[in-house]
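Participant: So the protein lines, in turn, are chains A and B.
All residue numbers in the first sequence are consecutive under my numbering, ending with 1179.
All residue numbers in the second sequence are consecutive under my numbering, ending with 10330.
The reader is advised that the hints may include incorrect statements.
Unchecked claim - Derived contacts from chain B toward chain A, CB cut-off under 10 Å, selection only:
id, residue
1, Met10001
2, Asn10002
3, Ala10072
4, Pro10083
Worth flagging that the hints you see were computed from the coordinates, not collected in a lab.
Backbone N, C-alpha and C define an ideal beta-carbon position, used for all residues, glycine too.
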Amino acid sequence: MSRKLVAADGNEAAAHVAYRASEVIAIYPITPSTPMAESCDQYSAFGLKNIWGEVPQVTQMQSEGGVAGAVHGALQTGAMSTTFTASQGLLLMIPNMYKIAGELTPCVWHIAARSVATHALSIFGDHSDVMACRQTGWAQLFSSKVQECQDLAMISHAATLKARVPFLHAFDGFRTSHEIQKYEQLDDEDIAWMIDDDAVEAHRARAMTPDAPSVRGTAQNPDTFFQAREACNRYHDAVPDIVQGEMDRFAERVGRQYHLFDYEGAPDAERVIIVMGSGAETSTETAKFLQEKGEKVGVLTVRLFRPFSVGHFLDALPDTVKSIAVLDRTKEPGSVGEPLYQDVVTSLSERGGPQPLIIGGRYGLSSKEFTPAMVKAVFDELSKDEPKNHFTVGINDDITHTSLTYDREFRIESPDTTRAVFWGLGADGTVGANKNSIKIIALGTDLHAQGYFVYDSRKSGSQTVSHLRFGKSPIQSPYLVDQAEFVAVHQFSFLDKYDCLGIAADGATVLLNSNYSPDSIWEQLPGRVQEQLVTKGLRLFVIDAYKIARETRMGGRINTIMQTCFFQLAGVLPAEEAIRMIKEAIKKTYGKRGEAVVQMNYDAVDASLAALHEVRFPDVVTRKDTLLPLVPGDAPDFVKDVTARLLANEGELLPVSAFPPDGVFPCGTTRYEKRNIAQEVPVWEEDLCIQCGKCVVVCPHGVIRGKVYEPDQLEGAPETFKSADAKWREMPGKRFSLQVAVEDCTGCTLCVEACPAKDRSNVGRKAINMAEQLPIREKERDNWDFFTKLPDFSPADAEAAELKLKAPKDIQLLTPYIEFSGACTGCGETPYLKLMSQLCGDRTYIANATGCSSIYGGNLPTTPWCTDKNGRGPAWSNSLFEDNAEFGLGMRLTIEQKTTYARNLIREFAADLGDSLVSELLEASQETSTAIEEQRARIAQVRTKLAGSSHPRRSEMLTVVDFLARKSVWICGGDGWAYDIGYGGLDHVMASGANVNILVMDTEVYSNTGGQSSKATPLGAVAKFTADGKKTVKKNMGLLAMDYGHVYVAQVAMGSSDMQTVKAFQEAESYNGPSIILAYSHCIAHGIDITKGLTQQDLAVKSGHWLLYRYDPRRTSEGLNPLQLDCRPPKVPLKDYHDKENRYRMLMKSSPETAQAYLKQAQEVVNQRYAHFKQLAEL
Amino acid sequence: MNLGTNYLGLELKNPLVHSASPLTKKLSNLHRLEKAGVSAIVMHSLFEEQIEEEGMMLDRILSEGADSFGEASSFIPDYNVVPVGADDHLAHLSRAASEIGIPIIASLNGSSLGGWVDYAARIEATGVAALELNLYNVPSDPDVPASEIEAGYIDVVRAVCSSTSLPVAVKISPFLTAPAHFARQVVSAGAKGLVLFNRFYQPDIDLETLEVVPNLKLSHSDELRLPLRWTALLSGRIPADIAVTGGVHTGDDLIKSMLCGAKVGMMTSAVLAHGFDCIPTVLERLRHWMAENDYSSVEEMCGAMRSDHVGDPSAYERANYMKVLGSYSG
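Excised from the complex, chain B in its bound form (with noise of 0.2 Å):
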């Protein structure tokens, strides 16, 4: 039984990969998910608008009093400090490229085209074998259109995948009007793979306090639905190599990602939650599910019920919907 899937070009043992998780900060959960079984680890990404606002916040502490006072010309001793930037995210990912087996994909979160772009090299430099860019942003400005938000992810994609020759994996947000063209557009400016989708952190309401608060909440197995969804109406039709992200949680959800046509299925708030142990159980249940049902490879389920191999492509579309509501009986 072949588990052995190509993702970006990279050979990968079997089609579950770890995504961006804080697991991959320390190294040694590095070698823990190797040892586990995945097939290649997403590293966390690097904020581009975090490094900025780290140095911002830096600058304002050790401004603050500063030179003001004839007894003291500072207040933070500032010989100790490391600077700011992205230095230590890539010797982490230099480490991890030279240290773990399988391959190490950098992911990175930008917020202008010359800082995308300037990472992008220094990224490649640490001998990663691929590079995720995460078009994460919340267009809530009501005078931009879509159109503009749109041809600026455009070109920080072309942008940064002509900047670098590692293969690039667009994680996109599922909040567009139009995703499968804006994914054949992304593809077209260079993107090898489309990795679906983009979970955003959803603020929430303290009642008590009347306060916005962060509540980060790890996925769960229906979320698994949507991606599945856009998997199987993209793969096929865009020219990309397909991660399913958010909602793999067991051996069945790898099972449907592979079905509806991604290359692989990424795995993490299960990992979170679980511990290290739940991946050889996925890998199991895969390699049980694929014994009982006669497929011989991975390659061979991949898009096995895409869109246009199913018999009715309709059913990944609106009418699956109302066939639910037409079979509710109240």
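Next comes chain A alone, as it looks inside the complex (with noise of 0.2 Å):
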């Protein structure tokens, strides 16, 4: 019986089974799995059915714990259930995990697997989550390729149900959940053929009903529960032959034959390794290799990892293995070792007789890498007469020295294989076309195919790396390519960061993306470039596919040109057949956007080839340059010495000596990471700036910075550095500054869109306007140098200069502390925080809920909080997404706590310190910036004066003193935290009365994980799991806060009011108590032109969508109402606000009466919500 082949990722695999076989679907977005529950939302749209002839019940709920109690009653209720998750979203549902199992309940998880948080967050893949959940009496299968993620899905299905054991079905985060594969696709029959009719009615029959109702979840005691306990035992004994069993039902039925534990290698095996998951598949294929040169090795490759079935796995093992390495991709710190480990020794400890030598190893955290030269070095390992127990490998343990060394140079790779190797930029579209190339090959060819991609994490300029091959055989290599027959770069620029060209074989054609001609490109080659060419002997071709993609309509995206010339030149397929599948592909994936995009990419399919063209160069290298240097020289060591080669994709080199052992990075890393990723730039034209600030403060990634300083401090300034008469009534007679770091820009033109001057005689010019950077860029380098070393501005100066910082004129000159992060071009949350840092930064802590704020805020290589000249600034963290509430109360204690014990203190040094310091230290008011600053001066005289006081206490009081100066904590995250999984944590933090300010940037989705729905998404809008449109309406974070009378409260919108916006953030944070300010942030997944995102947010306001206001319970005392509504009734249509989004726009188009349907009770709605908080600011 032929299937159908399709070329998908381990994601969509799994969730091909996974909704067929289920009735009730609980989901929430984490990563890796994210994937899967879209794609049953997505099935679900589409009305597809499962096995039974239903449509499955698809629900989104407000956390992983969540999804567990859903899935949990869905059960007992006699549903088949499933979900996704991963990593912490695992950990949250191991209390129902317990229960689930306890009950005997059959259901399936799958899991995309993925490191927990430690010393850092990480969304890649390990197993330290399954891991976690061992011991919850869940049976573990493990698949170990794309193939076996649809499989084992399968298999865990049709066996838990006979089982009456639940089943965690695993594999790889990304290296397998991500990796698009060919493979073949079981259909409905198949599914249903798997699926035992009995067992499901036996389920059914067992369901809670009020028709015969039993009493499940007693509480028992000491009398019975351990017997009761053991009661389950038999189901647990059972699982492994009934997961056999199903394992021969599928061969029978499939052709594929799986075992509990699968042996590869040779019969004689004298040297084994048993692992699990994706390094399964490196090894086997290391371990036949190995074979074929004439070494007795072999690879047993676990599946069934719960129950651990002895019988099984001794049977598997062969009688002749001396010795064995079990590899584990997790770390139990503390452990004898880690648990596929222990359980392999147990299990040989049991059977008794001679023992061979068992050895265990980590490998592979957080998708490091593993590759066959280290599947090599383990073997090796092994034939020591001393081998090193509980190694690494992979990594460089220069501390401990677990690791085994191994040599970079062995590979094993079929010479059948192609591999191709592509750096592109996000927004060029490499990766998307890459994926439909694999597509194109694996099912327009009988060639296998592979495609994984490696991103950077940053979500503004981002750099992918797309790793591919192709050949006639399955491809068993789950680790990135190095050397490949075909490498693309779609960046010149890269040619001067990278080593673009060391991966690329002897012989190899490289396709280069440039401006420059054939003739012409020789010179500008970097000589590194020049060399590898030489000497590699390979081929260059040049294409100005911007060029093309200009004249095509194609804007940015380069991606149909590259993979054109990529067809043509790699010889995949004849080029006429690659040409026709290249356009079906361009039918089916741009289709749907109408004829013009189709034929635009047609166009620029036409125009390539004939603009492609091979380089010829001379055999001498004939530029001596090497590659730029990636920091400044004058950057801190370990800029230099770690965040240098993390930006030079070296961070796989560093040794473990090289990192904190305890994540604990330098601040303000990004400065020195000069990414030049704008095509334009704002420049200033400072005869018509009106030094109004609005660009300053709208800047998202604080590029644009102004500073007022005295005339004389110009001297020694660039030719070109611009200046002009500082516009201030309070500072007359001095000079004014508006600088743009060109280099850290993004281009997004929001300060343009904000800047309100213009030219009266040609009012297209503003003050500032975009203009190329190229041309600029050295001139403004040194513009910007000089102007950081002019004086900085602090709150405490605008104080003494009597500035009101109540508008962005005087906010524009306090120095921010957080620049150049890596948040989206135009990103809407961080003009926020930046204002947030500039009123407060230097007295901060900041605990950051996961999302984009924690991955723009602090994911490696470089971090953009930073610190001023006197070192301070932000003190930021991430704990969890959930706990982030409850992480920034932490904080708020411990300062109470020490505020009081410093204070206790002091008065016992009266001494030393003299009575009036002490008293004035404990009377400081410390309510202006002036005021602090006047008590850090005190704190910095008891320093200095207990510097030789023999006081016994005198340690234990610099450990504290500093607290006696204010420090304001900020909780800052997105909406999905605030309103979602981190609701019940906020809620209490608020009633909890403590002074703690909360920010949410409200961006009314989940926009990490891709723009999911949360309980932020408005009435009608599209969004992921709402792809029909939110049917219920936003709550009203802002109300139920205000109800508790005590919390201050603001809801504010930078592009509506910038002065509301301050005024909300001095307040909150002045205020003695908890503040929420709700923020409206425009982002990408509201399908917006994101240089529109300010006036987006200006109708949000003017339409009553957003309504701006302040509650603020000090004003209670004085007699006055607490509400007060800072904006004008609604005076906008809300469809005219609909109609520029996208999210609500598709539903217009797709379901245009329940859109109007939407439309017409949102309007309502927001009638509504103004009259109520009209009423209730006129009480």
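Since each chain sits alone in its own frame, please combine them into the complex, following the hints.
Facilitator: Dropping the structure here:
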């Protein structure tokens, strides 16, 4: 029976089965499992049916804990239920896992296994999450490749029903979940055939029902619990045979035979690796290679890890084995060994008799590469007389010396396989085109294909590297390509930064996108690149893809052009056939976007080949330069030694000793990374500028700064440095400069949008305009350097100058403490964080919820939160997604405790410090920045005076003395945290009355994971998980917070009123109690033209979608109404706001009547909400 | 009394036609228009450029941030996206053509030669009675001469007329150096009717923000005089059915249009401003006036005052202006 061949990733393969074998699916986004949930949501939207002929209920929950509860309930009432998760999400489900297993309830959860956050968060793959569940009583089945993701998903769903034991079906996050492979897809009949009807009926018959009630979830006492707990034993004991039975049935139907433990290698192997997950593929591939060389080696792949069947394990292990290496993709500090190692040791120990030598080791944490060279190193270790136990492989542990050395040049890849690597930008569409190419090759030929994509962690100007393999044999290489026959460099500038051709095999073909002609390009190539071309005998082809993209209206996307060239050069398919298939793929991919888009891509294809040229180059290198330094010479040592290596894609080579052991990294390292990603940057016109500061305040990346200074400080300024008379009444005679860090700018144009100053004779010219970056880069770099040396301006300086700090005009002068983050171009969140940092950054603790802001705020390689000239700045940390409010509260509790401690202790030092200093320290009001500075000066005096003190509590005093100066706590995150997963904690923290400030950057979706709906999503908006429009209204968080009475609440939108925003931040910070600011944050997930983000914010307010208000409990004591409504009644129909956002427009197209009904209801809600707030404000 | 007229070969029960407006987007409005008494409905335009721009925008939005970041391969769910194109518009035309008892005239606004022809053929398949082609363009390029622009228009008319068996009326701009000559070319290229005239959207300036802003204003009766004059000048000289549009607000406006030679008068702004009830009022005025003036049929009225039927044809030409000046006493 022939089945459909598809090219898809592991997530899709698993979801294909899970959806069809389920009735109730509860979902929640978490990387890297989110695509499984999205697939189910999509299937459901299409009305796809399960094997019982019904469309499953797919329901989003508020957290993974909620998902587990919902699934538990669905199971108890007789549904087939599933979900998908990873990492922290799985940990949140553990309490329910015990319950579900304890109640012998069949179900399968699919896990894209991911690192659990420890010293750092990581979205990448290892087994630490599933290993944290191995004690819950769930069976655990591991897939090691995409085909298995489907097949073992099937076997899990079939086995659980017969076993009544729930299953975790796990596969490696990213490496398998996101790897695209060609595989054979099960059809619905296969899935129905595998699911046993009697077992389904039995499950349904066990369901809770008031028609035949029973009681579950009892509480038991010492007399019964133990025996009752042991009553389940025979069910768990039966699991291995049941699973093997289902594997055999599957083989009978489909032809692929699996076993609980699959051994491959020499039948008389003496050295065996035991491993599970994708590492098994690499190990098996390597073992085969070594076996062909005569080595007696083999690999035992563990599929059913729980229950661990000792009998099946021993049966699978060759009798000849003398030494065993057990590889675990997890780390359990303090244990005797990692979990699989311990099981193997115990199994063999229980068997008794002569024991082989067993060593255990860790590999591949957080998707660390695991290559044949590393596998060979493990086999080699097993040959040693005294092999290293508890080793690591794949890193250089130069501290505790656990690591095995391996030969990086050892490679085993088949010569029949073609390997290609593409260096691209996220924005140029390279990855999308490569995904298409894999599908073209996999489905259009009999070749096997594999694709894996590496992204950097920035959301703007991100770099991508695509690794593709094609070949006649199945591809069993779940690791990156390191010798490619084809290398495409889609950005010429990469050649200056990265060793792009280091990956090129001898004789490889190189495709370069460049505006240099074939005749002139040679001299433009860096010396190192020239050398690689010559010494490796590479062929070089060049195309000006951006020119073609412009001519064919493709804009910045060169994907189709480069894809066409790839097919032309790689020779995987005959050229004509390739073109035909590319065009088919274009039609399929872009057909919905209309004929013009399809035609535009066709035009690009047709124009590409004529513009592709081979470059003839000399056989000698003519340039001697090397790669440009990635950080400046005056950067701190850590930046030069560590950060720069990360920037150069050389992080893999850094040893353990390079890293802090506790995850503590230096602040402010983005300033050393000059990304130069903007084609155009803002340029200041000093003659037009009214110095209002709006451009500075809205800049998402902190690249525009304003400073006021004495005229004589212009001495030594670069020739092109611009300056104007400062327009501050309070600061006569001074000069003002607005400076752009052009190398850090992302080119979003929000500053130009915000600029109100126009040339009266040419209104298109503003006081800030976009201009090409390259021609001004050098000069502006010098100007920026000069500018940064001009004196900074603090809130205390502002107070000294009698500035009111009420408007952007004054705010622009304050030093920001977040700069050059990797946030999206035009991000709507970061301006709020920057504003907060400007107002109180030097005394702030930040608890940051996981999400966009934790990624652009704290994802290596560089960190944007920075310090001032005094070394002060925000102390930033991310705990988790769900606990951020509590995390921040904990910080406040410490501050309160330490402050009291310091105040009590300081009194004991009157003799050393003098009564007046002590009394000043204790009585300082610290209500202004100036007063805080004065207190800091007093603290400095304490330090000086206590330097020679012999007071027995001197050291103790010095550890807490800084708490005598006022501190601020900001709890920051997005709406996914605040409205959903973290709401319980956030509510508790608000109720606590603690002096914390909560900033909710409300994008109205889970932005970081790709725009899933949250309870902040507005009625009728299309988002992932609510593709047919959100059916309920947005939660009114502000009203809920106000209900406490003691919480300061503000709702702001910088694009509508920057002054109201500033006022809200100041009031929140000054309020001695909990405060919450809800900040409208436009986002690419709204489907808007991001350059109009500020206009859209304004429209949100004018239409009444987003009210501006402040609720200040302090006003009550003054006899005033605490609520002040800061916006006028809605004067624009909500429709006008909706019409500008594709999240609403899409529904208007797909389901106009529904959309109209939502709009009507939303307009009523808007009207009622305004009326309600107005009424409250007028009480 | 016979109010019937023949426009583009269509037998219409009266000369009052509803022209393209936002009202025609809803089927229920079409029913109300029919009930109110109009004899035909010109549907809102299918804008080729708009479809194209919509597709391009969707492409940009769906591509924004796609496949750029490990945690999200996209930011907008695209699986519920309805394909961009004319399908929903064409489906609406089909429903209108099958459910409405009066002739439905489709309207097409295009920019590329291929696009016009393609859409014209697809429109014909919906079952509408005729097609109105809207030559809408602001020829702002100083390097392109009028002859080139006009030749381009004529090519489009010829291509569309040869690609559909529907009768085609062409809505032309009043801003032509030689409107009469151009009108003849349009008819030579295959058009059966002329719609006088296109009302261009005229942007406004916001004096507070110094920005160019859209400002769509409804027509008023005064605007009738321009199409009226040209109807009188072209009627009888160009072998085409003429429709007057822009300024038909009252029964008198309709009557004047007929007298100058129009086969139909097209009314939209009045309906938008005053509701469907103004339709029977206009028709009643027509009947009343015809009775008062002993006209037994609209056909009898049609062209009674066209330029070659008035004693002094120059009244419709420059002399008219001079006379006005001359009568101005200061």
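Participant: Would you mind marking each hint as holding or not holding in the structure?
Facilitator: Going through the hints against the structure:
1. Hint on methionine 10001 of chain B is violated. Least Cβ distance to chain A is approximately 42 Å, over the 10 Å limit.
2. The criterion of a C-beta within 10 Å of any C-beta in chain A is not met by asparagine 10002 of chain B, whose closest approach is roughly 41 Å, and the hint is violated.
3. Contact between alanine 10072 of chain B and chain A, as hinted, is supported at the beta carbon level, the nearest pair being about 3 Å apart and thus within 10 Å.
4. With its C-beta approaching chain A no nearer than about 4 Å, proline 10083 of chain B sits inside the 10 Å limit, and its interface hint holds.
Checked against the numbered hints above, the structure violates hints 1 and 2; every other hint is satisfied.
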